[in-house]
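So the number in my numbering is just where the residue sits in the sequence shown, counting from 1, plus 24.
Please note: incorrect hints may appear among the correct ones.
[Said to hold, decoys possible] Here are the simulated DSBU-like pairs of lysine-lysine, each with C-alpha atoms no more than 30 Å apart in a straight line:
| # | residue 1 | residue 2 |
| --- | --- | --- |
| 1 | K86 | K75 |
| 2 | K86 | K26 |
| 3 | K62 | K75 |
The set of hints was computed from the structure by calculation and includes no laboratory data.
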Amino acid sequence: MKIINLTPHSISFFTDDNVTLEIPASGIIARVSTVSEKVGYINNIPIVRVKYGEIVGLPEPKEETIYIVSSIVLSALSGSRLDVVSPDT
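Build the full structure now, drawing on both the sequences and the hints.
Given below as structure tokens:
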């Protein structure tokens, strides 16, 4: 299985037998546009809702390939891609 890191940073994983695997950044960054909308105020402090927009930089699915993205990109996908994961921390 090929793992492609679409974040700007190297990602380290620890296997069950305490081996560290490092996945370097690929140079391609998957991002999602956001739009902030004021939905109200509390004590004159604006309350903002963020809506996710278009995802850019995410390749089409490829057989035997997993893509690592930020948690924001993964959230914006809403479970529509099983080949996309994000780090747990």
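Outcome of the hint check:
A threshold of 30 Å between alpha carbons decides the hint, and for K86 with K75 the separation of about 28 Å falls inside it, so the pair holds. As the CA atoms of K86 and K26 are separated by approximately 10 Å, the hinted pair is consistent with the 30 Å bound. Note on K62 and K75: the hinted pairing holds, with a Cα-Cα distance of about 11 Å set against a maximum of 30 Å.
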